[in-house]
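Q: Listed below, chain by chain, are the residues.
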Amino acid sequence: MAQKRNSAFLLGYRLYVLAFFVFLAAPLLAAGTFAFNDSLFPALPWQGFTLDWFFNNTEPKLGMFHDRRLLRGLYYSFVIATMVALLSVLVGTCNAFLFVRVEFPYKNFFYILMVVPLVIPGVILGISILVLASTVANGVEETFNYEIEFLRPGISLVVLGQFSFITTITSLVITARLRKFDETLEEAAFNLGARRARVLRTVTLPFLWPAMFAAGIVAFLVSFENFNTTLFLVGSEAPLTITMFDRMVKVGSTPVLNAVSFFLMVGSGLLALLSILVQRDETEA
Amino acid sequence: MKKDITRLSFILLFAPFALWIILLIILPHIGMVIISLREKVAPRIYEFSFANYVDFMQEPIYWNTLLRTGSMSLLVTVLALIIGFPIAYYIAKIAGKRSKGALFLLCLIPLWVSDLIRAFGWILLLRETGVVSTALQKTGLVSQPIEFLYNDATVIMGLVYTVILFMIVPLVSTLDGMDDAMVEAGYNLGGNGSTVLRRIIIPYAMPGIVSGCIVVFMLTAGSYLTPILLGGKNSSWFTEQIYEQFISRYNWESGAAFGFLLLFFTSIVVWLGLKLSGQTLSSTVAKS
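Chains as they are written, first to last, in our numbering: chain A, 1 to 285; chain B, 1 to 288.
Isolated chain A, as found in the complex:
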């Protein structure tokens, strides 16, 4: 009797988990599937399969690879995400060494300070950085009559804004990896007569490399999909999310947005897979 009730409970539980994953997948499927619908609207009924929304080069069914504004957005997003990833991995690695290897007063306090940017709402990060950058730029312009271009809304500010919280993510990922490092390996290398820089290059960094790579991919993806912080710092070079949002709200959507969505989902899926593979290889070795 108890057994029976238990298995019924387990079945119900499994159904719940299944329903949850259907819920998770539903909007993604909807966004992706309509990219292949041969219709001017991303809606039912299904009019047949087409790749026009990717490759067609004439209006009204202008495909994403011929849509200049979307392509430009893609390009700016790519540039921004690459810069953010490089910068945040660099600083994240320094932070990892700082918090794992060095003892200093108020370490716990500084560690919390490092985590805080992750929980500050993105909108507030955006406006506060905009306010400071503009104040400084205005001040310099008034006193020295010199325009600091990179403190005005544009790619550089977007990079700084995204960097401000993505660095927390990369720091956490790389710190977790560095904590697992066996320091006797370094000692062995020192005993064998290697210098500091060489030990770092041949022993420590190869161990950290998968985590740095994975952190870089995460940073790239988070930057690519960021909207809230970017919204306030963007200049005339709008990255893809901003371009897509404008279209969605102002023009009304055509399936070309679904094509972009599909493209982004496949792209980020592949990158995520790559980062998992890199980390897995290392743990097995």
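A couple of the hints might just be wrong.
[Stated by the list, open to error] Simulated coverage check for chain B against chain A, where a stretch passes if three residues somewhere in it have a Cβ under 8 Å from a Cβ of chain A:
| hint | segment |
| --- | --- |
| 1 | 103-116 |
| 2 | 212-222 |
| 3 | 241-248 |
| 4 | 257-263 |
[What the hints assert, rightly or not] Within a straight-line C-alpha distance of at most 20 Å, the following computed EDC-like cross-link-like pairs (lysine to aspartate or glutamate) qualify:
| hint | chain 1 | residue 1 | chain 2 | residue 2 |
| --- | --- | --- | --- | --- |
| 5 | B | Lys40 | B | Glu244 |
| 6 | B | Lys40 | B | Glu253 |
| 7 | B | Lys40 | B | Glu59 |
| 8 | B | Lys40 | B | Asp55 |
| 9 | B | Lys233 | B | Glu244 |
| 10 | B | Lys233 | A | Asp246 |
| 11 | B | Lys40 | A | Asp67 |
| 12 | A | Lys250 | B | Glu240 |
| 13 | B | Lys93 | B | Asp176 |
| 14 | B | Lys93 | B | Asp179 |
| 15 | A | Lys250 | B | Glu244 |
| 16 | B | Lys93 | B | Glu184 |
| 17 | B | Lys233 | B | Asp152 |
| 18 | B | Lys100 | B | Asp179 |
| 19 | B | Lys3 | A | Glu59 |
| 20 | A | Lys250 | A | Glu103 |
| 21 | B | Lys3 | A | Glu186 |
| 22 | A | Lys180 | B | Asp176 |
| 23 | A | Lys250 | B | Glu128 |
| 24 | A | Lys250 | A | Asp67 |
| 25 | B | Lys3 | A | Glu103 |
Quick caveat, the hints were computed from the structure, so don't treat them as lab data. All C-beta atoms in this analysis are idealised placements derived from N, C-alpha and C, irrespective of residue type, glycine included.
Since the structure of chain A is already known, use the hints to place chain B on it.
A: Frame of chain A, contents of chain B only:
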């Protein structure tokens, strides 16, 4: 000599951290507070005043929006916990070794997809001409198209969808560390399912629960896309007010005041949550 090297490496490692936190986090927030405490009295002339905060108090629409954002965010947090906890428990404790990793990865997939695309997907499903409405008409359950968008229930559902992963991930990692023997011992000592859940599993998972709740609450209160896209123009989310003041009206002073108020009130809620649950920031979110 050795001491000098340690000192030097400390300075070299501390410098990037300090630059990052001071220039991009602390100074901008100080700047935001300063700008929120001034009032434009004539073109390009400003005076120190609390006018922006007084405006906020005197205009019911503003603080109503903040209260609404706060209470709806709390609701979303509770819902995400209730819906997410069983999923996390299943992944951590019930699923077999193989399916465990796969399920966890499945949970993470939406994380890699932009908020924008997820909200777009919901729009396609739920709008008047959307998939759900059409399907309901096809099956004859309803005779007219139904608009599921632009109401509070949909906004809450969309927000839960957006943030639930941030609840599940910390829960899975806490529950993963729990020894199954503890649950068995609870049953052996005569506890039933709900006692074991209440007295053993939940207390054990508390750090994960609190950390998930903090992140989910902050993300929800600070979200912008989901309320706007699923709730329409009058979804009255506080971040919309900030955007409106900053970009549409170009009133940076009151926009900065609103930003500070949002940060202040969400921090108070988080602080209260920590006090009530007897946790600290370093035992939950900042746990390494």
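Q: With reference to the structure, classify each hint as holding or not holding.
A: Evaluation of the provided hints:
1. Counting residues of the segment 103-116 of chain B whose beta-carbon sits less than 8 Å from any beta-carbon of chain A gives 12, enough to reach three: the coverage restraint holds.
2. For the segment 212-222 of chain B, the proposed coverage by chain A is satisfied: 6 residues have a C-beta within less than 8 Å of a C-beta in that chain, meeting the threshold of three.
3. Using a Cβ-Cβ cut-off of 8 Å, 4 residues of the segment 241-248 of chain B lie near chain A, which meets the minimum of three, so the contact claim holds.
4. With 3 residues carrying a beta carbon less than 8 Å from a beta carbon of chain A, the segment 257-263 of chain B meets the three-residue requirement, and the given coverage holds.
5. Using a Cα cut-off of 20 Å, the hinted pair B/Lys40 and B/Glu244 holds, with the two alpha carbons roughly 18 Å apart.
6. In summary, the hint linking B/Lys40 to B/Glu253 is supported, as the alpha carbons are separated by about 8 Å, within the 20 Å threshold.
7. Straight-line distance between C-alpha atoms of B/Lys40 and B/Glu59 comes to about 19 Å, which keeps the hinted pair within the 20 Å bound.
8. For the given pair, B/Lys40 sits about 14 Å from B/Asp55 by alpha-carbon distance, which is consistent with the 20 Å threshold.
9. For the given pair, B/Lys233 sits about 11 Å from B/Glu244 by alpha-carbon distance, which is consistent with the 20 Å threshold.
10. With a C-alpha separation of about 14 Å, the suggested pairing of B/Lys233 with A/Asp246 holds against the 20 Å cut-off.
11. For the hint linking B/Lys40 to A/Asp67, the alpha-carbon distance of about 44 Å lies beyond 20 Å, and the restraint is violated.
12. A threshold of 20 Å between alpha carbons decides the hint, and for A/Lys250 with B/Glu240 the separation of about 17 Å falls inside it, so the pair holds.
13. With a CA separation close to 7 Å, the supplied pair B/Lys93 and B/Asp176 stays within the 20 Å bound.
14. Between B/Lys93 and B/Asp179 the CA atoms are separated by roughly 10 Å; this keeps the pair inside 20 Å, and the hint holds.
15. Under the criterion of a C-alpha separation no larger than 20 Å, the hint pairing A/Lys250 with B/Glu244 is consistent with the structure, at around 17 Å.
16. A C-alpha spacing of about 13 Å is found between B/Lys93 and B/Glu184, which places the hinted pair at or below 20 Å, so the restraint holds.
17. The straight-line distance between the Cα atoms of B/Lys233 and B/Asp152 is roughly 12 Å, inside the 20 Å bound, and the hint therefore holds.
18. A hinted pair counts as satisfied when its Cα atoms are at most 20 Å apart, and B/Lys100 with B/Asp179 qualifies at roughly 17 Å.
19. About 70 Å separates the Cα atoms of B/Lys3 and A/Glu59, which puts this hinted pair outside 20 Å; it is violated.
20. For the hint pairing A/Lys250 with A/Glu103, the CA-to-CA distance comes to about 54 Å; that exceeds 20 Å, so the pair is violated.
21. Straight-line distance between C-alpha atoms of B/Lys3 and A/Glu186 comes to about 19 Å, which keeps the hinted pair within the 20 Å bound.
22. Of the pairs offered as hints, the one joining A/Lys180 and B/Asp176 holds, with about 19 Å between alpha carbons and a cut-off of 20 Å not exceeded.
23. Restraint check for A/Lys250 and B/Glu128: the C-alpha separation of about 18 Å stays at or below 20 Å, so the hint holds.
24. The hinted pair formed by A/Lys250 and A/Asp67 meets the criterion: a straight-line CA distance of about 17 Å does not exceed 20 Å.
25. Only pairs whose Cα atoms come within 20 Å are accepted, and B/Lys3 paired with A/Glu103 is accepted, the gap being roughly 13 Å.
In summary, the structure is inconsistent with hints 11, 19 and 20 from the numbered list given earlier, while agreeing with the others.
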